[in-house]
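Listed here are the chains, written in short residue letters.
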Amino acid sequence: MNDLADIISQNEDQIRSEWIRDMGTSLRRTDLISSTELEEQSRAVLNAVVMGVRTSGTKDTSGKGWNPARELLQEVSASRARQGFSTTEVATFILSLKQPFFSAIRRHSKDQDKAFDTMWTATELLDRLALITTEAFISTREELISRQQQELMELSTPVVKLWDGILALPIIGTLDSARTQVVMESLLEAIVATNSRYAIIDITGVPTVDTLVAQHLLKTITAARLMGAECIISGVRPQIAQTIVHLGINLEDVITKAKLSDALALALQRSGRSVVRTSPENGAARGILSNREG
Amino acid sequence: MERIPVLRMGSLLLITIQVDMHDKLAMQLQDDVTQRISEWGSTGVLIDISSLEIVDSFIGRMLANIAAMSRVLGAETVVVGMQPAVAITLVELGMSLPGVRTALSVEAGMELLYGAVAGLQSGSQDEPTQV
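These protein sequence lines map, in sequence, to chains B and Z.
Under the working numbering, read the first sequence as residues 1355 to 1648, first letter to last.
Under the working numbering, read the second sequence as residues 2 to 132, first letter to last.
The shape of chain Z in the complex, shown without the other chains (with noise of 0.2 Å):
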């Protein structure tokens, strides 16, 4: 069957969706990315969708539902790469994502992890707000 690769980077998840998603396929990627976390601890999830360019609602709540998700299981969720036609597409739906991190790329979408990692890990209370 066909599925979407979860790769493990240290403490993060790598995911690449490079196919046009279909639901079946984005109902697997929740399983999988909730298994892995609990599975191996990872800290945070790396959403890269520089290959997605089509979206429809479907997939937009799917992106939000695995960033709510992995907040549960204590990960944080960053979307990169994000297509100008999917984004513009996103807000004509009235969908923002507004739990989900963005950035530019997958380099800037690490880094954006790690700080986020590290100020988790530094014991400060507060959810470090993204600037």
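Okay, chain B solo, but in the shape it has when bound (with noise of 0.2 Å):
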């Protein structure tokens, strides 16, 4: 079986000019990749795979000698899947090797079958390959996700301090179960580090609100009350009220208001404070408007 490595290592300058050039006419990617550093990354692979078939064979691409070309290879299609590239311009780098090594398989194989069986071989082979730099560049792009999702919870979460004693959580987007989680962790672990006795929650930004928001909102309410201090929900549209009547929610031993500022006032007046005009600025220009209009 070792054909192909002999084959290869023979005719390693005239296969990597090959793979080069056709790659130019298939699947260059100018905007993406400069063409020194793609012909240094064919540099590189051709390398490694010539290693890989020298050192382990053909059949077994998991064997200690494929280990630089399968790090490499998933080296390049991390790269390039942060890039841009899409899954098949990847796997057709790894693939367009084929045409090269089949026209130098068959320059050099006198006899038809003994052909066909190293063809068969550099099949499987680049195939093997083909795939570890698809599954790499798959895994890279599932990491890019997941850290997007999380970044994307951590962004949609934040606890403001409205006052002395008073927090608000504007809660965006439609609250799942893990998002219920993260939403009461923060904040619980603020109500404890600002010493708060009272939490305002701003629906406003949750498009629907049906059992299950209402449940995990439910639950919010009472690990704060646990602690100590208490939730007003505020932010409820019109709509969404006439929703949670529908629905038969149970919403009765809990603070509702329709806005923002009737919630921040509550807990104001809870709190033995009240707001006072120092100024009659506004109201005397009020005045006058008004002396005017009449």
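Be careful, since some hints might not be right.
[Stated by the list, open to error] DMTMM-like cross-link-like pairs, simulated, lysine to aspartate or glutamate; straight-line CA separation at most 20 Å:
| hint | chain 1 | residue 1 | chain 2 | residue 2 |
| --- | --- | --- | --- | --- |
| 1 | Z | K25 | Z | E3 |
| 2 | B | K1515 | B | E1543 |
| 3 | B | K1468 | B | E1478 |
| 4 | B | K1573 | Z | D57 |
| 5 | B | K1573 | Z | E93 |
None of these hints come from the bench; they were simulated from the model.
From these two lone chains plus the hints, build me the complex, please.
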């Protein structure tokens, strides 16, 4: 089976130049990768493949001799995933080695049967390498997605301090179980950290409230109550109020307000504070306006 | 034997749980609290669980039980300083401790208790509701 190894190593230069030339026509993305970089990568990959074939043979690409080739391919496809290549482009990078391989085999084999055998070995090998590449590509993409999800989750649950002892938690987007967990944790941590007696949960940004979302909200409120803080729900839109009543969700033990300002006013009042206008300017201006109008 | 101390502060009882609760300790605490309330005529019980990091349903029920028992004996109970993780665990266990008052700190708990006791002593028949 080492025919293939011999053929590849004897024709290394020719295979490389053919490969790079073919790539140039079929899948060169000059907008994403420079041609010198591509050539360098191809050179490195081909060298690693030759080394793998020489040391561990073509059958077992999980063998020790294939380690450098595998690592290199994973690295290349991971970087391509980040650069924005498509799956086809990444897989074709390896699969386009077939043509140069086959022509080298054809040139060297006198015996037709033997040539077929060698070609089959080469096909199998390249397919396996292509699979490694695609797998690495996809896992990099998945990592990217899960990291973005995580970031989105962290971004979308800020806890802000409105006043001494009053927190607000504006929720944007639908509440599912995973998010409720994050919301609950960050709210409770903030309650402890700021020693806040009141927490306002603003659901203006929650598109729909169904029984599940309501249950998640109630859980958060109960947990806050257990710690000694009181929750006020604000930002209940008219449609949502209707939905809540139609669904028969029991929010009677919870204080709900239409607007965040109403909730803040209530929290201020409950904590023994009041807001007083110190400058009569606005009132005076309105007085002048109304006088003029009158 | 290991035992959770029950301290007397005027008309209140102060209990600070600083060790991991196990069932025997919890039963002992229930005995002690009821004993002390009737002995000293306490009108309020303050349980500080800020050092408690692990709860199970038994501990949750014990807290609810102590509150209920104290109420029968004429004392109000406030649980203070519950950790976020503990609160989440209790909620996930389905224990919202409906009859138990809660506060963020010992200070706030004291205030709540004095307020509640004053409300009781001023002769109002209504159970003072938590605000």
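How the hints compare with the structure:
A distance of roughly 10 Å separates the Cα atoms of Z/K25 and Z/E3; the hinted pair therefore holds under the 20 Å criterion. For the hint pairing B/K1515 with B/E1543, the CA-to-CA distance comes to about 13 Å; that is within 20 Å, so the pair holds. Only pairs whose Cα atoms come within 20 Å are accepted, and B/K1468 paired with B/E1478 is accepted, the gap being roughly 15 Å. For the hint linking B/K1573 to Z/D57, the alpha-carbon distance of about 17 Å falls within 20 Å, and the restraint holds.
For the proposed pair B/K1573 and Z/E93, the alpha carbon gap of about 8 Å is at most 20 Å, so the pair holds.
The structure fails none of the hints (numbered hints given earlier).
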